[in-house]
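Chain order of the listed sequences is A and B. According to the working numbering, the first sequence is numbered sequentially starting from 1. According to the working numbering, the second sequence is numbered sequentially starting from 1.
FYI, nobody ran anything at the bench for these hints, they're computed from the structure. Accuracy of the hints is not assured; some may be wrong.
List time: in silico EDC-like cross-link candidates among lysine to aspartate or glutamate, alpha-carbon distance up to 16 angstroms [to be verified]: (1) K58/A - E104/B; (2) K151/B - D82/A; (3) K153/B - D82/A; (4) K153/B - E97/A; (5) K139/B - D133/A; (6) K151/B - D133/A; (7) K151/B - D85/A; (8) K59/A - E126/B.
Small disclaimer: the values here were computed from a predicted structure and weren't measured.
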Amino acid sequence: MSNAADVDALDFEPDDDDLMDEEAAVDVDASSPGAAATIPKLKSAITGGSAAAAAAPKKTKGRGFREETDTGRGNRMSGRFDSLDSDGGPGPERSIEGWIILVTGVHEEAQEDDLQNAFGEFGEIKNLHLNLDRRTGFVKGYALIEYESFEEAEKAIASMDGGELLTQTVNVDWAFSRGPFRRKNNRRRSPHGHRSRSPRRRF
Amino acid sequence: MAEEENGAAGGGEFYLRYYVGHKGKFGHEFLEFEFRPDGKLRYANNSNYKNDTMIRKEVFLTPSVLKECRRIVSDSEIMKEDDNNWPEPDRVGRQELEIVMGNEHISFTTSKIGSLMDVQTSKDPEGLRIFYYLVQDLKCFVFSLISLHFKIKPI
Numbered sequence: 001m002s003n004a005a006d007v008d009a010l011d012f013e014p015d016d017d018d019l020m021d022e023e024a025a026v027d028v029d030a031s032s033p034g035a036a037a038t039i040p041k042l043k044s045a046i047t048g049g050s051a052a053a054a055a056a057p058k059k060t061k062g063r064g065f066r067e068e069t070d071t072g073r074g075n076r077m078s079g080r081f082d083s084l085d086s087d088g089g090p091g092p093e094r095s096i097e098g099w100i101i102l103v104t105g106v107h108e109e110a111q112e113d114d115l116q117n118a119f120g121e122f123g124e125i126k127n128l129h130l131n132l133d134r135r136t137g138f139v140k141g142y143a144l145i146e147y148e149s150f151e152e153a154e155k156a157i158a159s160m161d162g163g164e165l166l167t168q169t170v171n172v173d174w175a176f177s178r179g180p181f182r183r184k185n186n187r188r189r190s191p192h193g194h195r196s197r198s199p200r201r202r203f
Numbered sequence: 001m002a003e004e005e006n007g008a009a010g011g012g013e014f015y016l017r018y019y020v021g022h023k024g025k026f027g028h029e030f031l032e033f034e035f036r037p038d039g040k041l042r043y044a045n046n047s048n049y050k051n052d053t054m055i056r057k058e059v060f061l062t063p064s065v066l067k068e069c070r071r072i073v074s075d076s077e078i079m080k081e082d083d084n085n086w087p088e089p090d091r092v093g094r095q096e097l098e099i100v101m102g103n104e105h106i107s108f109t110t111s112k113i114g115s116l117m118d119v120q121t122s123k124d125p126e127g128l129r130i131f132y133y134l135v136q137d138l139k140c141f142v143f144s145l146i147s148l149h150f151k152i153k154p155i
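Turn these sequences into a full structure, and let the hints guide you.
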């Protein structure tokens with residue numbers, strides 16, 4: 001096992017992975033901070049049965065795996081979550097006031113006007129979020145655009161996906177979906193297993 | 001896209017959860033969101049200050065949105081960091097960032113970070129800075145998604 005100093009720079013070794021075991025995780029909690037650094041591999045105490053805890057052994061890292069399970073996560077994320085009425089079927093979902101599309105590959109120096117010019121021709125843009133990278137202050141690379149009608153949004157996607165905006169290729173797709181794009185708790189059978197099952201229109 | 005299978009565009013597993021909160025005189029106040037592998041975005045915001053409300057929203061995202069989230073994470077290179085030398089969660093508050101991406105699974109915890117000054121004076125300013133900005137970029141992304149879809153002000 002590597003010493004504490006190594007832990008900074010190195011990923012944990014793959015042969016530590018067999019510690020993905022409930023009992024081991026409970027026994028070796030964070031009772032001794034000094035010991036923690038020498039015990040790199042523990043099952044997540046936080047995830048406790050969530051979607052992330054499934055699947056094959058992974059390289060794990062972080063204090064979250066070594067802490068006690070008193071964060072109350074079960075209470076926080078269980079129970080009722082509000083959602084707009086949806087039949088759960090495939091296809092895009094309407095948002096409360098319109099239809100939202102996502103534009104990716106947006107040039108970091110793009111201005112709202114550039115998006116307005118390119119996407120305004122398919123219908124009036126009701127809302128435009130062109131978020132900035134908090135560190136650089138440049139555009140983060142995506143935009144969210146709201147149209148009032150399905151047809152406007154659909155036309156924007158059909159016309160602009162794979163097109164060019166400020167010398168960069170942009171991808172355009174619906175932002176919200178009426179249902180999951182792959183089965184819940186679907187274990188990875190193969191690394192390619194779920195790639196083509198999505199309801200997305202284009203890519 | 002030229003990324004590898006488990007990179008930003010890859011089809012490997014992806015899960016992300018962020019939590020920030022504290023327990024104080026207004027009870028347990030927190031913000032939490034998660035991107036699930038099936039595309040579900042869940043958002044919870046519990047503030048007992050003034051009005052005693054818990055906002056809990058969920059919506060399914062398209063693979064394109066998840067892929068953009070993944071790109072933001074991947075570009076940040078947060079998966080290379082480690083929380084060993086970050087300030088530990090304390091009475092003032094706690095942050096958790098858990099990400100499964102491809103074959104890697106991180107679960108980082110730290111205290112609340114008030115400003116870049118806290119980052120600079122920490123024992124791992126480079127790593128904590130990456131965390132600090134990534135969290136802001138993720139929040140910004142989630143707030144846009146939630147506010148556009150539900151027409152609420154997330155905070």
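Quick rundown of the hints versus the structure:
1. Between K58/A and E104/B the CA atoms are separated by roughly 5 angstroms; this keeps the pair inside 16 angstroms, and the hint holds.
2. At roughly 13 angstroms between alpha-carbon atoms, K151/B and D82/A fall within 16 angstroms of each other, so this suggested pair holds.
3. With a C-alpha separation of about 15 angstroms, the suggested pair K153/B and D82/A falls inside the 16 angstroms cut-off, and the hint holds.
4. A hinted pair counts as satisfied when its Cα atoms are at most 16 angstroms apart, and K153/B with E97/A qualifies at roughly 14 angstroms.
5. In summary, the hint linking K139/B to D133/A is supported, as the alpha carbons are separated by about 11 angstroms, within the 16 angstroms threshold.
6. Taking the CA atoms of K151/B and D133/A, the gap is about 23 angstroms. The hint is violated against a cut of 16 angstroms.
7. Distance check on the hinted pair: K151/B and D85/A sit about 15 angstroms apart at the alpha-carbon level, within 16 angstroms; holds.
8. For the proposed pair K59/A and E126/B, the alpha carbon gap of about 22 angstroms is over 16 angstroms, so the pair is violated.
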